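**Q** Read off the chains here:
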Amino acid sequence: MSTAVGSEMYQWATDLFPICRSITGNGVRQTLAYLSKLMPGLTVHEVPSGTPAFDWTVPKEWNVRGAYIEDERGRRIVDFARNNLHLVGYSEPVDRWLTLEELQPHLHSLPEQPYAIPYVTSYYDGRWGFCLTQEQRDQLPPGRYHAVVDSTLAPGSLTYGELIIPGKEEKEIFLSTYICHPSMANNELSGPVVTTALARWITSLADRRFTYRIIFIPETIGSIVYLSAHLDEMKRNTIAGFVVSCVGDDRAYSLLHSRSGDTLADRVATAVMKHHAPDHIEYSYLDRGSDERQYGSPGVDLPVVSIMRTKYNSYPEYHTSLDDLTLITPAGLQGGYDAIRKSIELLEHNHAYKTTTLCEPQLGKRGLYPTLSTKGSAAAVRAMMNVLAYSDGTRDLADIAQHIDLNPTEAIEIAEQLAQKGLLSRA
Amino acid sequence: MSTAVGSEMYQWATDLFPICRSITGNGVRQTLAYLSKLMPGLTVHEVPSGTPAFDWTVPKEWNVRGAYIEDERGRRIVDFARNNLHLVGYSEPVDRWLTLEELQPHLHSLPEQPYAIPYVTSYYDGRWGFCLTQEQRDQLPPGRYHAVVDSTLAPGSLTYGELIIPGKEEKEIFLSTYICHPSMANNELSGPVVTTALARWITSLADRRFTYRIIFIPETIGSIVYLSAHLDEMKRNTIAGFVVSCVGDDRAYSLLHSRSGDTLADRVATAVMKHHAPDHIEYSYLDRGSDERQYGSPGVDLPVVSIMRTKYNSYPEYHTSLDDLTLITPAGLQGGYDAIRKSIELLEHNHAYKTTTLCEPQLGKRGLYPTLSTKGSAAAVRAMMNVLAYSDGTRDLADIAQHIDLNPTEAIEIAEQLAQKGLLSRA
Amino acid sequence: MSTAVGSEMYQWATDLFPICRSITGNGVRQTLAYLSKLMPGLTVHEVPSGTPAFDWTVPKEWNVRGAYIEDERGRRIVDFARNNLHLVGYSEPVDRWLTLEELQPHLHSLPEQPYAIPYVTSYYDGRWGFCLTQEQRDQLPPGRYHAVVDSTLAPGSLTYGELIIPGKEEKEIFLSTYICHPSMANNELSGPVVTTALARWITSLADRRFTYRIIFIPETIGSIVYLSAHLDEMKRNTIAGFVVSCVGDDRAYSLLHSRSGDTLADRVATAVMKHHAPDHIEYSYLDRGSDERQYGSPGVDLPVVSIMRTKYNSYPEYHTSLDDLTLITPAGLQGGYDAIRKSIELLEHNHAYKTTTLCEPQLGKRGLYPTLSTKGSAAAVRAMMNVLAYSDGTRDLADIAQHIDLNPTEAIEIAEQLAQKGLLSRA
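Chain order of the listed sequences is A, B and C. To convert, note that position 279 of the first sequence is 279 in this note's numbering; the numbers rise steadily by one, no gaps. To convert, note that position 389 of the second sequence is 389 in this note's numbering; the numbers rise steadily by one, no gaps. To convert, note that position 222 of the third sequence is 222 in this note's numbering; the numbers rise steadily by one, no gaps.
One chain only, chain A, in its complex shape (with noise of 0.2 Å):
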């Protein structure tokens, strides 16, 4: 695969970076605004507050203009125009003259990363506070200050972007990402721009097979929401799905499975990482931590699964202001986006196949043997014969490839190869 699209990929997340999401508010809408330039077909929905998903319901959507904290010489010891992440999420407008013993309990830092600046929200309760560094904190000396939060939390909508791509056949693959986290970027932009890039590959597909059901949401809220509106239809389509979380970084591989770790999602994504990434993290659903605890809830109950580099939660500078520009490249975009869209390509092409002949063909004949015999050449001889001996009608692809330890790209090209010539033909 070309390894341009790592490339684009990080100019986009360097693009989006500045911009302060929420689960609501126009942060989001700037987001969608930015994305739906690369893909046209992006249609972009309005849910307003309110509205009930499930056990929840749509809550107030929160805009800031600006916050900061003063010293009573008038200096922004503390500045949202800064760093987005300085401000709580959610936070109320404030304007307080207060003391340095009554600011604290506003203040939220790290002890143990004294230069990070934590991510804090506080999405349901009414509360205000300002994120910054251990170091800063230990430095404010006894004073008075003044807290500005120019927020509004008011009715509004909660935003989000959806994509459908058409294919062949009703059923559907599943892609869900989250665009609701001020400047962060493996667990935030990775998500949006590595889905954006396959959204656009599957978009270029002239022979799709499936339709796409691709969304952008708040993490959470959004995709109660959505599934609140949509679960009918994606429970009688969805064949698999993703949720594309924390795919920037090159440090690790992460596959997280399903609540039952058996569906099609889970198969074809254990048959791809064993040979994209043989020393990747396995999780169980145990692990989960993003959208997947919707669509794995019971009566849910999508086949979803994701595929990370280095998953939410287990990384130290997971929501904090180190997860930046430089903790993602280029090469780990690019890595994500292969394993999901290599899990896409084998999702396509995952037929069960069915000999057609009795007892193992002569190859030969049809100049499927190599002339020249060589090493390699036993291996893709071998590859074969193990790819005709289990298409039995009763194993898909990425059961055979799993099983004959096979890389499920060359179980595909192998199968094809035998389908042209005859010796296949499909369960």
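Mixed in with the good hints, there may be bad ones.
Copies of the same chain look alike in the list, so a pair counts if it fits in one copy or across any two.
Derived DMTMM-like pairs (lysine to aspartate or glutamate); straight-line CA-CA distance at most 20 Å [what the hints assert, rightly or not]:
no., residue 1, residue 2
1, LYS354, GLU416
2, LYS168, ASP338
3, LYS37, ASP55
4, LYS274, GLU70
5, LYS365, GLU70
6, LYS365, ASP125
7, LYS235, GLU170
I should point out that these hints are in silico values taken from the structure, not numbers from a laboratory. Every value quoted in this text rests on a predicted model; they were computed, and no experiment measured them.
Assemble the complex: chain A is given as a structure, and chains B and C must be docked to it using the hints.
**A** Here is chains B and C on its own, set in the frame of chain A:
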């Protein structure tokens, strides 16, 4: 759980220790008379000698007035009155003078445990014999010895105790323990005293769901006799059962599985033992040795496991005079009691639940989120979310606790709290 | 089992060693003529060249009168008469003078095994060639060489042997071995001689339960040809089968499983090998290389495994002149014979039994308890109780032996003794 019951059980064992029990006879009756005072509902049954029971027949009843070996000077060198292990169980009457050489085939000792009197029986052959320490045996001088066994082996009956504690449902939980060994502690008295304490606790349960069938029988012949009279109703009603044996020392925990290994009793005991004693030893049915041999036999197939402390046959004092009151402790008995009681508690509450909402519910609006976020509270929320995530109506709490690695006691609490808040309903 | 058969088999292999076999031709006929004397019922079949068999066609028949390379002084430096491995199998006739340089592409040797003549064939391309040691090849001086292959490659037939030994039941056990390699011992003659010894033993069984289908065929094309004519009846009747190959050296034991891995043949062979050769190597169907490739192919799906000593392709002498009569031994052949014979014995006695009593039977009253209690007798009683405990009508002896870790030979003895005593009946 209160630890007072440990001391209480130890006292009962101390009281019962001197009685000479065997598979029949007055020792069993004395033991049951003592236990009846602790369990007023206990009924005592007598099954006449000669009664057929499947492939077996109730043997003659054995009673002993006295037994000893005197030397030529009339000194009682071995005396049943000093330790009832000195007499081989079911010894026929004898009153004979023998040379040391003639006496030797009637003596039993343990060369490798020179200070232990072995426990030996000969229920179904006409024999007599004495057991003594190797140390004493080695010092017997040549000469003539007077062996006297003043026993009766005559038609009588086999005696057992039965306690039925009715519950709201006909379905039964079964407890089986044995009373058939003379003065031994872990491999005899621990079983009946723990079973008695459990029976007293079960009787005290106001909202008891199941009916309890609790029997105190001689090992092997007793369970065969009991099954031959009650198999149909037990097969119809028993949901889980426990052989209560070797539950008194404080060294190890053991779980011996049923023949199939996957009955409700296995699943419940596995979930409990994982947390009650994470380092317990797992035994398969191939390691069986007590009445589970009958309960798990083909065609009987009752769902019975055995939760033990240190298993019979696996500790050096087993079946010797060293298995005495110093081997068991109040804490040891308490631990055995607690493990089985927790299993019963899980059975009583082991419903399969379904979530009442789609997607994760909003815990916050129901006050289920801890207001102060601490490490412990995060684990509590995680446990709650996991109980919800796996409550899909197909798994009972035993399965869920096992799968999400949660202490079943906590799983019960969480499920009942969620049910009370309307978030779970019984499937 | 008598070890005399090992020496007998070794003698047969010695007699058959010099014959030049290939997938067709007079070497196969000579070999079958020799074996016919040992197995009077063996029938020899000829299938004409050009006969279609699934995806294949019976090739022309190949025979060799002689073949050599002479140098300019008329010295035969390589001569088929000295070792038939010197000639590439299915070499076309040739009579040509060539320079060393022109000769080189027709020579085959093994740089890493300089003293071994490799075994090379070219059945389906029109080629000729000679095989020699690397050591000899390196010493060939420049000059002109006279290459002569006096062979015929012409319409004829493919020859195979078949022996049907009828039993009380129509159901069949299948043995397949190959006759198609020139002078090699483990990977050729061990198969037919062990199969012959097994056939003679099977013929001698008075109370033979199953029918036996035993074939001596050229590898690959032979099994394909045979299956194309007998597949329906074999699918209907075959309960288990064995490819008999590489059963002559005394270094290792190997068990190669069927494609599904859980057929009766797999279960029986697993139970036998666990005790016959606890350190045997387990191979999956992915390691297949002989006629199990056909027997296990989709749509054929016969329950066939391969019990071997050191597996083809996994020992250094394989497919070279070093796989000679020094590589196999009477003890090696005997071990291979014994392993397959024990598997057949288990199949013949592999009933599912049910206990006739509920609960454990009283062994004592039937004389089944050893009167002298020893360590060995305790194990014997344990084995007997375990056979009873698992005889619930759902498990055959292969399953039970495997589960209770008992030598299948002992399991058969115990089950038959218990059946005779009326404690077990066939399910």
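**Q** None of the hints should be skipped; say for each whether it holds.
**A** Hint by hint, here is what the structure shows:
{"no.": "1", "hint": "LYS354 with GLU416", "in the structure": "within (12 Å within a copy, 45 Å between copies)"}
{"no.": "2", "hint": "LYS168 with ASP338", "in the structure": "neither (23 Å within a copy, 60 Å between copies)"}
{"no.": "3", "hint": "LYS37 with ASP55", "in the structure": "neither (35 Å within a copy, 55 Å between copies)"}
{"no.": "4", "hint": "LYS274 with GLU70", "in the structure": "neither (54 Å within a copy, 55 Å between copies)"}
{"no.": "5", "hint": "LYS365 with GLU70", "in the structure": "neither (84 Å within a copy, 35 Å between copies)"}
{"no.": "6", "hint": "LYS365 with ASP125", "in the structure": "between (74 Å within a copy, 10 Å between copies)"}
{"no.": "7", "hint": "LYS235 with GLU170", "in the structure": "within (12 Å within a copy, 40 Å between copies)"}
In summary, the structure is inconsistent with hints 2, 3, 4, 5 from the numbered list given earlier, while agreeing with the others.
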